[in-house]
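Read top to bottom, the protein sequences are chains W and P. Quick note: the first sequence uses numbering that gives the first Met the number 0, first residue 0, plus one each step. Quick note: the second sequence uses numbering that gives the first Met the number 0, first residue 0, plus one each step.
Please keep in mind that the hints were generated in silico from the structure rather than gathered at the bench. Be careful, since some hints might not be right.
[Stated by the list, open to error] Under the rule of at most 20 Å between Cα atoms (straight-line distance), these lysine to any residue pairs were calculated in the SDA-like manner:
1) P:K48 with P:A122
2) P:K392 with W:V35
3) W:K3 with P:R63
4) P:K392 with W:E26
5) W:K3 with W:E63
6) P:K392 with W:H14
7) P:K59 with W:V6
8) P:K392 with W:Q12
9) P:K392 with W:M36
10) P:K59 with P:E36
11) W:K3 with P:A68
12) W:K3 with W:E38
13) P:K59 with W:V5
14) P:K59 with P:H38
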Amino acid sequence: MGLKVVVDMNVCQDHGQCVFAAPEVFELDDNGRLVVMVEEPDESMRSAVEDAADVCPVQAITIEG
Amino acid sequence: MTSQRVVIAGAGLGGLRTAEALRAHGFEGEIVIFGDEAHAPYNRPPLSKEALYGEISHEKLAFRVRSTATDLTWRLNDPIAGSDLDAHTVTLASGEVVSYDALVAATGVSARRLPIPGPPATAAAGRHVIRTLDDAFALRASLTPGARVVVLGAGFIGCEVAATARQLGCEVHCVAIDSHPMIRPLGIELAAELQRRHEAQGVVFHLGVGLTAFEGDDRVTGVVLSDGTELAADVVVEALGSRCNVEWLDGHGLDLTDGVLTDNALRALRDGVALDGVAAVGDIARYPNPRFDQRPWRVEHWSIPTDTGRRAATVLNAYLSETDYADIVATEWDALPAFWSDQYEIRMQSYGMPGLADADGIRLLEGDLHGECVMGYHRGEDLVGVVGIGMLKVVNGYRHEVGTATWIRERATS
Ligand SMILES: Cc1cc2nc3c(=O)[nH]c(=O)nc-3n(C[C@H](O)[C@H](O)[C@H](O)COP(=O)(O)OP(=O)(O)OC[C@H]3O[C@@H](n4cnc5c(N)ncnc54)[C@H](O)[C@@H]3O)c2cc1C
Ligand code: SF4
Numbered sequence: 000m001g002l003k004v005v006v007d008m009n010v011c012q013d014h015g016q017c018v019f020a021a022p023e024v025f026e027l028d029d030n031g032r033l034v035v036m037v038e039e040p041d042e043s044m045r046s047a048v049e050d051a052a053d054v055c056p057v058q059a060i061t062i063e064g
Numbered sequence: 000m001t002s003q004r005v006v007i008a009g010a011g012l013g014g015l016r017t018a019e020a021l022r023a024h025g026f027e028g029e030i031v032i033f034g035d036e037a038h039a040p041y042n043r044p045p046l047s048k049e050a051l052y053g054e055i056s057h058e059k060l061a062f063r064v065r066s067t068a069t070d071l072t073w074r075l076n077d078p079i080a081g082s083d084l085d086a087h088t089v090t091l092a093s094g095e096v097v098s099y100d101a102l103v104a105a106t107g108v109s110a111r112r113l114p115i116p117g118p119p120a121t122a123a124a125g126r127h128v129i130r131t132l133d134d135a136f137a138l139r140a141s142l143t144p145g146a147r148v149v150v151l152g153a154g155f156i157g158c159e160v161a162a163t164a165r166q167l168g169c170e171v172h173c174v175a176i177d178s179h180p181m182i183r184p185l186g187i188e189l190a191a192e193l194q195r196r197h198e199a200q201g202v203v204f205h206l207g208v209g210l211t212a213f214e215g216d217d218r219v220t221g222v223v224l225s226d227g228t229e230l231a232a233d234v235v236v237e238a239l240g241s242r243c244n245v246e247w248l249d250g251h252g253l254d255l256t257d258g259v260l261t262d263n264a265l266r267a268l269r270d271g272v273a274l275d276g277v278a279a280v281g282d283i284a285r286y287p288n289p290r291f292d293q294r295p296w297r298v299e300h301w302s303i304p305t306d307t308g309r310r311a312a313t314v315l316n317a318y319l320s321e322t323d324y325a326d327i328v329a330t331e332w333d334a335l336p337a338f339w340s341d342q343y344e345i346r347m348q349s350y351g352m353p354g355l356a357d358a359d360g361i362r363l364l365e366g367d368l369h370g371e372c373v374m375g376y377h378r379g380e381d382l383v384g385v386v387g388i389g390m391l392k393v394v395n396g397y398r399h400e401v402g403t404a405t406w407i408r409e410r411a412t413s
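In isolation and in its complexed conformation, chain W is listed as follows (with noise of 0.2 Å):
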């Protein structure tokens, strides 16, 4: 199975950590709102995603597969 992006919007403060881990994946629109752009990333992405779940400071990203 592919790598998996969920991020719990109901937890989501738009900290926008996670943008500066994994830009290719998450990115902050013009409000300054979240926006998951890649919801099943490359595996080559993996490490990067990874390391944005670890930097959100609330927590909110979780990776499945």
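Dock chain P with the ligands against chain W, hints included.
Okay, now just chain P with the ligands, sitting in the frame of chain W:
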């Protein structure tokens, strides 16, 4: 070859991240993590914020553990009492002696208590601190509408607790020896503005004064301040900074005056010489960050355990596998400290080390001090820190400009 063992002292964020990073590097030996709390690692920042509102549980605050690090040995409720850095062992409070090939000090800090006599320094007596989940459980139960709360200390945690208690309908007084809340990291302009915002929400400050006495016998009933003011209190929160949990490392020539002094590879320094295989991470690590200067600093920000954990794991893994060790140690590491704070609707985000700024080096970079803004903190010509009030995208844009120290540029060209 017999299996190697890494012992991690402290089951908090730093301990967890170091263990995960060791596994990510391919370390296959045993990783044993000792913690003196009953809980697996959990997120502390909510303890002074949203966790005081409604439901909190360990389940909600527990850190996710990477799927590649599910084979860690957790020894919770099993504090380490001492160590022998020559014999490569730690001694548990239970008396058990455990040997290690590498040791990680990740024991964090404890809340400091005022050394002033009075009712027992316990939550049951109305004297609270806020560091652990159990502290938060106890405090939450006391923050009932109308409760008279005195917060001692106006640093970040004191201000967050004051804000949260106000929003829960408590009557809040905040006492501090400083002239303004959060002045040391933020400087006078921003600190004065934040004070104004707290006051608009109904917090009453008593600044430039200390505490001379607690009132009450079995339970605290009030406090007396150095200017003679008496404040009645149902709840006192001591938010007076921290004390490093490093006693268990005493007696080996380490510099423990403020946390554990290390080199840039996070190796503990013994009489000034780096000890291979002994690392410090998180709140207790005091290390030089060349992004700013060559002086070692200790930084209690949430970003530090993750960054130091990764650095320590890289160095320890190389040491344990005897590969490229000197190269890895010599590669300078300069992670950017990051900090945030939530008070009322205010989201504060900081990068770098604003506290290093010159007294006249603090300038408004963007926005409006009375609304949303970004402040820049300069030492000489270097931008050593930025703090945003709101304007998250804008302050995030400054990350890359913070702390490219002049001394590095000079060193590169000389
Ligand atoms: C209330 C609160 C709010 C915060 N808010 C923010 C915020 O908004 N933004 C931010 O950037 N940072 C914030 N922080 C700071 C951040 O949480 C810390 O920097 C971080 O938790 C440090 O992690 P650590 O692993 O170094 O230490 P800790 O998380 O303290 O972990 C150390 C663990 O080791 C255990 N231990 C101690 N001695 C021993 C021993 N002898 N044997 C075994 N175990 C031992 C401790 O009990 C603890 O469980 C906050 C902290 C608190 C307390
Ligand atoms: S770091 Fe966490 S809270 Fe911040 S935007 Fe990303 S998912 Fe949301």
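Here is what the structure says about each hint:
Straight-line distance between C-alpha atoms of K48 (chain P) and A122 (chain P) comes to about 18 Å, which keeps the hinted pair within the 20 Å bound. Restraint check for K392 (chain P) and V35 (chain W): satisfied, since their Cα atoms lie roughly 16 Å apart, inside the 20 Å limit. A distance of roughly 15 Å separates the Cα atoms of K3 (chain W) and R63 (chain P); the hinted pair therefore holds under the 20 Å criterion. For the given pair, K392 (chain P) sits about 10 Å from E26 (chain W) by alpha-carbon distance, which is consistent with the 20 Å threshold.
Using a Cα cut-off of 20 Å, the hinted pair K3 (chain W) and E63 (chain W) holds, with the two alpha carbons roughly 5 Å apart. Note on K392 (chain P) and H14 (chain W): the hinted pairing holds, with a Cα-Cα distance of about 9 Å set against a maximum of 20 Å. With a C-alpha separation of about 15 Å, the suggested pair K59 (chain P) and V6 (chain W) falls inside the 20 Å cut-off, and the hint holds. Between K392 (chain P) and Q12 (chain W) the alpha-carbon distance is near 13 Å, which keeps this suggested pair within the 20 Å criterion.
For the given pair, K392 (chain P) sits about 17 Å from M36 (chain W) by alpha-carbon distance, which is consistent with the 20 Å threshold. Under the criterion of a C-alpha separation no larger than 20 Å, the hint pairing K59 (chain P) with E36 (chain P) is consistent with the structure, at around 17 Å. As the CA atoms of K3 (chain W) and A68 (chain P) are separated by approximately 18 Å, the hinted pair is consistent with the 20 Å bound. Restraint check: the Cα-Cα separation between K3 (chain W) and E38 (chain W) comes to about 6 Å, which is no more than 20 Å; the hinted pair holds.
At most 20 Å may separate the alpha-carbon atoms for a hinted pair to count; K59 (chain P) and V5 (chain W) meet this at roughly 17 Å. Between K59 (chain P) and H38 (chain P) the alpha-carbon distance is near 12 Å, which keeps this suggested pair within the 20 Å criterion.
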